[in-house]
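K.L.:
Below are the chains, spelled out letter by letter.
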Amino acid sequence: MSAQLEIRGLSVVYRDAGEERELLQDISLDLQRGEILGLVGESGSGKSLLCRTVIGLMPSRSLTMTAGTVTLDGVAIHDTDMAGLRGRRIGMIFQNPTSHLDPVMTIGKQIAEGLRHHKRLSAVAAKAEAIGLLRQVGFPDPGRAYGSYAHEFSGGMRQRAMIAVALACDPEILIADEPTTALDVTIQAQILRLLIELRDRRGLSIILITHDLGVVAQSCDRIAVMRAGRIVEEGEKRALLADPRHPYTRQLIDSHPTMTHAGDEPAPHPHDRKPIFEIDDLRVHFPAGGGFLTPKREFQALKGVSLRVWPGETVGIVGESGSGKSTLARAILGLTRITSGQVSFEGHVLTRDPKATLKHLHHGAAMVFQDPFNALNPRLTIGETLAEVLRTQGETPAAEIETRIGELLDMVGLERSYATRRPRSMSGGQCQRAGIARALAVNPRVIIADECVAALDVTIQAQIVALFRDLIARTGLTLIFIAHDLAIVRTLCERVVVMHHGAIVEEGPSARIFARPEQAYTAALIAAVPDIDPDRPLNGGQTTLQQESAT
Amino acid sequence: MHRYRFILFRPLQFIPVLFGISIITFVLVRLIPGDPARILLGTRATPTAIAKIRAQYGLDDPMWMQYLYFLKNLAAGEMGKSTLYKIDVLRLIATRIEPTLALVVMGVVLALLIAVPFAALSARRQGGLADHGVRLVSTAGIGFPSFWLGAMLILLFSIRLDWLPVSGYGETPVDKLQHLILPGLTIALSLSAVLTRSLRAGMIAGLSSDVATAARARGMPENTVFWRHVVPNALVPTVNLLAVNIGWLIGGTVVVESVFAVPGLGQLMVRGIFSRDYMVVQGVALTFAVATVLINFAADIITVALDPRIKL
Amino acid sequence: MTAPALSRRAPRWRAFLRRRTMLVAGLAILASFVLLALLAPWVAPSDPIFQDTTAKLLPPSLAHPMGTDNFGRDVLARVIWGARIDLQIAVIGVVFPFLIGTGVGTVAGFFGGWVDALFMRIIDVVLAFPFLVLMLSIITILGPGLGSFYIAMALVGWVSYARLIRAQILVLKTQDFAVAAQSLGFSRARIMFRHLLPNALAGSLVFVMSDAVLVLLNGAAISYLGLGVQPPLAEWGVMVAEAQGFITQAWWITLFPGLAIVTLAFGFSLTGDALADLLGVHE
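Protein chains in written order, with the working numbering: chain A, 1 to 551; chain B, 1 to 312; chain C, 1 to 283.
Quick caveat, the hints were computed from the structure, so don't treat them as lab data.
Quick caveat: nothing in here was measured; it's all calculated off a predicted structure.
One or more hints might be untrue.
[Unchecked claim] Where chain B lies over chain C, by a calculated footprint (3+ residues, C-beta under 8 Å):
no. : stretch
1   : 61-69
2   : 89-100
3   : 112-125
4   : 137-148
5   : 240-252
We put the CB at the ideal spot given by N, CA and C, even for glycine.
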């Protein structure tokens with residue numbers, strides 16, 4: 001049996017003003033009918049570009065396909081027939097449904113648009129068909145969804161809407177470009193399950209582009225690993241995961257946060273000293289609209305959180321977006337107004353004596369942020385940024401600042417020459433290291449890291465996590481590590497705090513929480529994490545196609 | 001349609017702005033050096049008239065009382081008398097609104113008719129010859145002084161070609177329209193330069209946006225992608241830009257009316273300044289300010305209609 | 001997205017060159033006007049207010065490249081001398097509003113609260129008036145003249161800078177690097193002047209250029225109306241006003257001063273666009 005989609009010797013070159021680089025090199029790949037092929041790689045590997053090339057939608061005019069053929073059911077396809085094939089035989093969904101759905105056109109019209117164009121349906125027939133599709137992808141009230149706009153739905157529902165748009169004209173192939181990356185983990189599980197169900201029901205073939213080997217392990221039949229514009233390895237899922245040939249594949253698998261390594265599990269810390277942070281019934285409310293003539297409304301970001309953090313401990317705070325975990329971090333550092341409750345840091349009560357406590361916090365606690373580029377002042381060099389902190393702290397004599405900067409860069413594994421560079425000329429991982437160096441410049445007893453690896457590639461993630469582990473071992477630092485990624489927390493933190501809707505749902509030693517979660521929410525959250533082991537199936541979230549209907 | 005409920009409540013928010021406007025216009029006239037009574041009545045006023053105006057405006061009372069009198073008079077539609085035309089300022093303004101309003105409407109409509117096609121041409125052939133031409137002309141066009149552009153249009157269309165009247169305003173609607181074409185075009189050309197640049201930028205961003213990519217990925221032809229997805233999204237910021245520029249546009253009518261001797265509010269204001277007819281200057285400034293507030297309100301309504309995401 | 005990340009790292013020479021040609025062209029135009037203004041006494045073919053009654057309304061010729069006006073004054077000489085006044089209008093008319101507006105915007109954006117609310121209400125009211133109408137009203141009080149124009153500019157022009165800077169500061173305040181500075185215990189002054197303001201100024205630098213165009217046009221328009229620069233001083237707006245009565249006989253008196261305004265404005269616009277590209281600012 002020949003493959004449904006065959007890519008042979010495909011190369012893409014970037015040309016601009018005499019500069020020329022090959023972004024895709026001699027790529028050959030098959031997609032079998034009804035299979036889900038996972039295309040895995042880190043940013044810059046060319047995985048998205050490959051799929052864009054296949055459907056003839058190059059992201060830039062400086063890119064040209066220089067060699068190779070693409071055949072669909074044995075027929076070679078060219079640029080000219082592409083417009084007819086797109087949407088009709090090959091559908092595509094994207095990472096960010098919010099930006100890919102037209103904000104000023106109803107969702108229904110966007111589905112009907114394709115039906116009217118490709119299938120020449122009447123307006124009435126297209127509407128009926130579109131409503132059917134919306135029901136199929138899990139909208140509880142498809143008639144209403146038809147007339148609604150994208151912004152009226154949550155991220156998960158928007159992604160469902162985009163799937164409905166892509167499937168409108170019944171394509172045989174669906175290309176899904178990081179379809180779950182922007183979603184919470186429980187929603188991710190739902191969308192992946194939806195894709196698998198649609199494949200089973202419609203006989204769809206799917207190319208699933210992702211950076212997460214866990215997603216691939218859970219949903220794909222075959223895996224192709226890309227790096228720097230080449231396919232380095234390809235094979236059946238289980239075989240490839242069990243016995244990776246290429247060193248890069250091995251590195252990717254090793255870096256995956258669900259991989260546990262011997263000695264990783266941190267031992268629980270004795271709670272014999274006074275807590276470094278004591279948080280009691282902390283509430284933070286934000287004003288949310290209202291005001292003139294309309295009743296004032298409030299958003300309760302934190303609804304009575306109590307927590308102790310002991311010196312030398314590594315605490316993970318996990319939760320989905322909107323759970324209040326970042327607000328908690330900012331509140332205990334005195335960066336957000338506290339509505340009620342009490343926070344004390346090393347015995348100083350922030351809510352009672354804010355001035356002294358803040359001064360104490362400035363010298364004893366530091367923060368590391370999510371977006372490494374945004375966290376550093378773009379106009380200052382790394383050296384200037386670090387020197388500013390050292391000078392403000394006032395503990396390093398002026399003559400030794402230079403040496404201290406060198407030491408700090410050493411500690412975070414950056415070459416000393418980076419002192420003269422600005423964030424713009426550095427990679428995300430390097431900026432994050434600089435951000436950690438800035439936190440260390442305070443010489444803090446506690447570091448609060450807010451989603452500090454979320455924006456990084458897995459291999460870089462693994463490096464940063466290793467750096468933290470090393471720093472903790474060497475300096476006895478207390479770490480509060482906030483993340484949505486449970487797998488990372490599991491390997492790094494000895495204690496886990498699970499947050500949901502502004503409250504703590506469950507807390508306890510990592511080993512216990514991950515093995516025997518007591519709360520249903522924690523269990524669902526853990527089960528939704530796509531494990532790299534295909535035999536630990538995806539379990540989180542609710543089954544979504546119960547409102548099944550005949551089509 | 002609760003998204004449109006702001007139409008009922010928003011006017012209440014105008015109250016502080018309207019107060020501010022009234023304070024500024026009040027203060028403006030009071031700051032003029034000299035006896036306020038003579039400023040209000042002109043230099044050749046009779047003593048009885050001066051005594052009357054002193055009582056009416058409470059000119060011997062403290063400043064805040066005078067302001068209250070001013071508000072009271074304003075509420076009664078009493079804006080004083082023009083010393084030049086010898087009639088009530090409100091009536092005078094009423095007779096001058098029509099040409100100015102016609103000019104503004106004509107300017108906006110013509111500007112959009114010019115800007116949309118040129119921006120579309122430019123954006124869809126980005127980097128091409130047409131694009132460079134449009135960019136050059138629109139960048140230069142921002143710097144065209146309207147008084148000079150008007151003079152050049154007169155030179156070309158009225159003097160050389162003799163197609164259109166040089167200046168003034170007609171009696172019949174057709175006559176009026178003929179008189180308004182050149183001044184309207186003057187305003188439209190300046191405005192269209194700004195609009196073209198903004199629309200072009202919006203369209204170019206739209207053409208490479210995720211929305212366009214997604215539409216192409218479902219096989220929509222390029223024309224559909226452009227007119228049904230790119231243009232509607234680019235129009236929202238353009239309406240806002242128009243609202244922001246409305247003050248500039250109204251200021252433009254002041255100059256253009258002077259160039260073409262159109263008997264509108266702008267010309268009235270300039271004449272008022274020269275003949276020290278301060279009540280007229282005050283009245284016109286007040287009228288323009290209130291009009292600007294109302295036009296911005298209209299722009300808000302249009303924006304809400306164009307973009308379902310916006311809630312006011 | 002994978003591909004854009006790759007192409008971003010590539011040096012964009014062509015784009016860079018294109019930007020530079022724009023910047024070079026813009027700066028060249030501005031520089032030549034500055035030179036003309038400085039060297040006017042030596043460059044101009046004759047005195048700008050010298051009236052040659054034997055040479056009235058002469059069309060452009062070798063002796064008078066831009067012709068002469070109804071008083072027999074050389075138009076080229078007047079255009080060159082006009083550069084002095086019109087450049088001065090564009091510079092002074094921008095500098096004071098910029099300084100006041102930046103100050104107010106920074107304070108309002110950084111401190112928020114009632115200070116911010118008060119300034120925002122004032123700005124709302126000022127913006128409710130059409131710009132030129134408010135300018136004319138103020139000039140009515142002060143009396144016509146260039147000095148009145150500058151005072152009116154300073155009173156009215158700051159609002160756009162204040163709004164721009166305030167908006168920038170509000171956005172920058174929530175950026176992680178500003179939160180980081182706060183969490184590290186930096187003083188308010190340090191956060192404001194070292195971290196927020198330098199990043200906010202990039203946007204207003206671009207705005208300065210487009211504002212210079214508006215100020216130039218307004219200054220010329222107010223002079224055209226007879227309320228700014230007074231004759232017989234050579235100023236381009238005044239020249240157009242004086243020429244209007246002769247437009248049927250002598251087009252050149254109107255054309256050339258207008259072209260001078262257009263060219264100078266173009267210089268500012270080009271420089272502004274090039275700066276916007278270089279600094280990555282979007283208006």
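K.L.:
It remains to establish, for every hint, whether it holds in the given structure.
P.N.:
Evaluation of the provided hints:
no.	hint	in the structure
1	61-69	violated (count 0)
2	89-100	violated (count 0)
3	112-125	holds (count 4)
4	137-148	holds (count 5)
5	240-252	holds (count 7)
Hints 1 and 2 from the earlier list are contradicted by this structure; the remaining hints agree with it.
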